[in-house]
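Chemist: Residue numbers (numbering that gives the first Met the number 0), protein chains in the order written: chain W, 0 to 338; chain Y, 0 to 338; chain G, 0 to 338; chain B, 0 to 338.
No lab work stands behind these hints: they were computed from the structure. There may be inaccurate statements among the hints.
One copy or two, either will do: identical chains are not told apart, so a pair holds if it fits within one copy or between any two.
[Stated by the list, open to error] Keeping only pairs whose Cα atoms sit at most 27 Å apart, straight-line, the calculated DSSO-like set for lysine-lysine is: (1) K322 x K95; (2) K1 x K19; (3) K298 x K19; (4) K330 x K95; (5) K256 x K19; (6) K322 x K19.
4 protein chains.
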Amino acid sequence: MKRLGVALLGAGRMGQEHAKALAGIPPARVVAVADPREEARERAAYLAKAERTYADAREAIEDPEVEAVVIVTPTATHAELIEAAARAGKAVFSEKPVALDLEATERALAAVKEAGTPFQIGFQRRYDAGYRRARRLLDEGAVGQVDQFRAVGRDPAPPPLAYLRTSGGLFLDMAIHDFDLARFLIGEVESVQAYGTVRVDPRIGEIGDVDTAITLLFFQNGAQGVVENSRRAAYGYDIRTEVFGERGKLVVDAVPKTPTWYYREGGLEADHYHFFMDRFAQAYRAELAAFVEAVNQGKEPTPGPEDALGSLLIALAATQSWKEGRRVALKEVRNGASL
Amino acid sequence: MKRLGVALLGAGRMGQEHAKALAGIPPARVVAVADPREEARERAAYLAKAERTYADAREAIEDPEVEAVVIVTPTATHAELIEAAARAGKAVFSEKPVALDLEATERALAAVKEAGTPFQIGFQRRYDAGYRRARRLLDEGAVGQVDQFRAVGRDPAPPPLAYLRTSGGLFLDMAIHDFDLARFLIGEVESVQAYGTVRVDPRIGEIGDVDTAITLLFFQNGAQGVVENSRRAAYGYDIRTEVFGERGKLVVDAVPKTPTWYYREGGLEADHYHFFMDRFAQAYRAELAAFVEAVNQGKEPTPGPEDALGSLLIALAATQSWKEGRRVALKEVRNGASL
Amino acid sequence: MKRLGVALLGAGRMGQEHAKALAGIPPARVVAVADPREEARERAAYLAKAERTYADAREAIEDPEVEAVVIVTPTATHAELIEAAARAGKAVFSEKPVALDLEATERALAAVKEAGTPFQIGFQRRYDAGYRRARRLLDEGAVGQVDQFRAVGRDPAPPPLAYLRTSGGLFLDMAIHDFDLARFLIGEVESVQAYGTVRVDPRIGEIGDVDTAITLLFFQNGAQGVVENSRRAAYGYDIRTEVFGERGKLVVDAVPKTPTWYYREGGLEADHYHFFMDRFAQAYRAELAAFVEAVNQGKEPTPGPEDALGSLLIALAATQSWKEGRRVALKEVRNGASL
Amino acid sequence: MKRLGVALLGAGRMGQEHAKALAGIPPARVVAVADPREEARERAAYLAKAERTYADAREAIEDPEVEAVVIVTPTATHAELIEAAARAGKAVFSEKPVALDLEATERALAAVKEAGTPFQIGFQRRYDAGYRRARRLLDEGAVGQVDQFRAVGRDPAPPPLAYLRTSGGLFLDMAIHDFDLARFLIGEVESVQAYGTVRVDPRIGEIGDVDTAITLLFFQNGAQGVVENSRRAAYGYDIRTEVFGERGKLVVDAVPKTPTWYYREGGLEADHYHFFMDRFAQAYRAELAAFVEAVNQGKEPTPGPEDALGSLLIALAATQSWKEGRRVALKEVRNGASL
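Next comes chain W alone, as it looks inside the complex (with noise of 0.2 Å):
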């Protein structure tokens, strides 16, 4: 049985998770992975079992044996990466967003589309099972016409004020997983309004971002939506999505870490998830699993360029909701953007 030949670009944090992830990958072996710092390519190396490393990413693209690549490098780096590697005809996995601008998001995705390349987008809580539980669930009318959805979405801590800089702000660094779940969940968003404040450091209000925030979707189904970000949750990561219809409600929760209760003088206790690497640690594995798989059998992966560019399109509304204290219309947004 055939193995896809894989490049890793990129060995961050999130890359040495996705390293591990691969070698554990029956369908795929790792031939290389790319990062300028040695130490964190080498120790990815070691975790993917990878054959060869390069300090330059475009080499990685050019191995004659990498049939595949992972983008897993700084954001801004993303389109690039994305296009090169289209134009050499290597199927292509990248971490969200591939920008934080549509036209270089267009620009890339056109690159794909030109090339005919496989191209997936790392929305991982597609491939939770307990959000694939709940689209399956839908698919079978479980909860009839959907009237309202709601998404949480907290992280334990802010970020750095340098990645905070670069990172494009709270609703298209953050918030865009929640807003990819209303998409994979419940459909397309015709507008929204975004109220954004700063609770949790006046820093980063600064610097003209926003660190809580509720944005209201109106889908094009007539449903109602309402997302509640915050850089800030003491007890950890926290994520919860329902979804809310005539037949039933769904709901999507992050149950306690370990299945172990403490009860003790005066009640009891459980402990929670610390980060979204531990909740979706299994999310990660499923989608490159996944990835590999659709590429190796000819199948076009999920969730695609449409998908990327469908979620930047409501972070980039609800972005301009906010600062223009309206509710915008995503067609104001995309005026002629198209795949």
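Following the hints, put chains Y, G and B in place on chain W, whose structure we already have.
Modeler: For chains Y, G and B alone, kept in the frame of chain W given last:
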């Protein structure tokens, strides 16, 4: 030990509940039940173990052995009965709302204030053990600065159109309970923005109301809030409240109605509360017991006039916001309103 | 509508609870409260809204307006009061147990039978909504053939030694509630094997009792059962019952006392029931309401004499099994016992 | 960084799982897979990304690049392969049990001891995050003195009769996992009393086995334990463990498989784990990773020989107790057994 002489005004569905509750409150005796419908009146008198009945609520108010009234009549009559009771020097417990408009509400509450009579409004959730524990934890600083508030309130099915026509609309009739929780748990609201839609029954739209809504609350302390309502929940009465802050999160949820789990092929099942009356059965008893105790001990009952008014203001602002499609400050609604 | 004339015999802690409950039961009126202690008697009469009081329970029984008695006196007096009430033709509700030995129990129940008077024994768990739902599910065949039963019963702290000395021991005083559940949910028991030990307080061992025990139940239908008891549970009152069968499993658990979850650094917390009185507050009301209703309607109340006797037999067999270190068949205990 | 050369012996269902897991463990490389069945062997080699395959496990053991073996062959071959590997100086991970009788077990473990080779037995629950947290809490004194222990283990359906005939019976094949938990969490057992019955399939009784059992454990520290097992659970794999002590209670439960709750008419539903392989998927990876790490770092792996022996002794005693209808002390079984 003394027992407070109480008259129950109104013997509808809710009146019957209050009748049973009053019978079981030791420091109260039900002197009279009043309702123009003989059968309902007699039934409630039996449940309340009442001493006598009146067809006319006014006569019950004037009964010299009656020291306090519990008003459970149709909404349109609340204000006048409150005024009459206050003028007669009787303590007043009234189901919410005092009235559907600000003027009538203020007039009734002014009469209460003038008479110096004890007054309690029937926001029963404040007497639910779950919400009381939340309030206590907040007082202890469990979550620190509050950043986000969220309440869901969904009824199993819409009431008859006839009822809806005079209900004041979803925000005044239904969401007002969630608005009161917002005030109880977080504090005063500065402005609101509400989005209503019709998803359940087009006839509700035809009478100028909505059956599905999201209301954003902007609190004076800077916190954000969101309230989700629906007139239909296939699984039963849906209520869930969350308070999120710098040091933690509180959730008051509707757990299964009975602690009985049925594991069967493929998974497990639990039951659910059907309606507010089973979810809050104990709270209804507790609020009446608290009212009786406060009056007997000469203390001020709570929630009082300012709570009746405060939650009404939010509901009026939400209604206006939904109609005008813009954020509405409470002071716009209140104009010269004062207590 | 008629109200049943009730006398409450006994005004201790449990008597006060029953007093409050009786006041709130519409088809009952509390004619009298009897207790030799004046203050307790007056307090209970206030709570029950009773018409008069007696120092002597016998006088209350003889009161011509008293049609039914609720016996909440010390255990040692149950049997004689049951007999007296039965002979006086009054309906009888008695707290468990009838007596701590088989002879006195049979004598009292024989008097009941002879008088043809309605009789209900205070196994309140049978009126808990959770257990009732379990019973209903079993009736519907939810688990098919029952294979294993398990009950846990743990009290927060041991009662005073003075109480324990006359309590009949852990199996008769405490495990008997779990034995009754076994009969209520599964059916009759053929034999038992009990293992007792002293883990909580050596003085309990010195008076010939145990504070920690496991009892195996072998049901007539071939199912196996296990009952775990302890006189101490640091976290509060611990009760959990499981019925496992060919098609599924039922669990009746003690969920958190309030549906309030506190998420804080490192995890989440909930509260817990403190004692049987808060866990079963509604069941105590429900069992009395059912008794009153049955008597008023001329129906046989349940659980009745055979349940009082059946659970006692298991408790006696368990005590003997523990003492003799061997499996004991119920028929050994019952010898000639019959109803 | 070095990678440990591993041979996977056995490519059945469990072998395939271990193959996938080993591929994803960075400090291991799978040198060889051995299994007499060619297709299974090739499949496992693909999953493990193994370098070569052998039909004969002995050849894999002798492969000079193989430093450690992972034994997942049929139970009857475990002991001889352990001995062979130990004699060849290879580290050994073996699925439980070493053997079904004491003599073969002791002989194999003696060979391990003599060779001084690292040895780990496959009690994977010890590597489950839930049980590890329980162990940690116990180490911190969370419950103080332990008084009662309870474990439930139920498989969804009985294995084929052909398997059962050589399985050693319910206590050795199935309950042994719960007995190991008892030792892991509480400590050594002094005596047992077991009750077995046939409820699921009479043919299981005909081959001299039981399908439903309760085993009492009497710990050396005075605590009581109870283990409930069944070969059938309609709802899936059922596992729950409770540790009760003077200061609290720990419960390790099987929460729903996915954190997805479906609220529909009348209540709510969740899914359930199907089998031990999905419940313990992460534990299987974790135990192998721990084994590889221990061997690489020259540390003693755990659970080791004394755990393999200790849990076997309980299972043998339970089997004897069930057959003889009496309590059996472990020392009766062990007689001269020693490590």
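Chemist: Quick one: which hint numbers does this structure break? Sort them smallest to largest.
Modeler: 6
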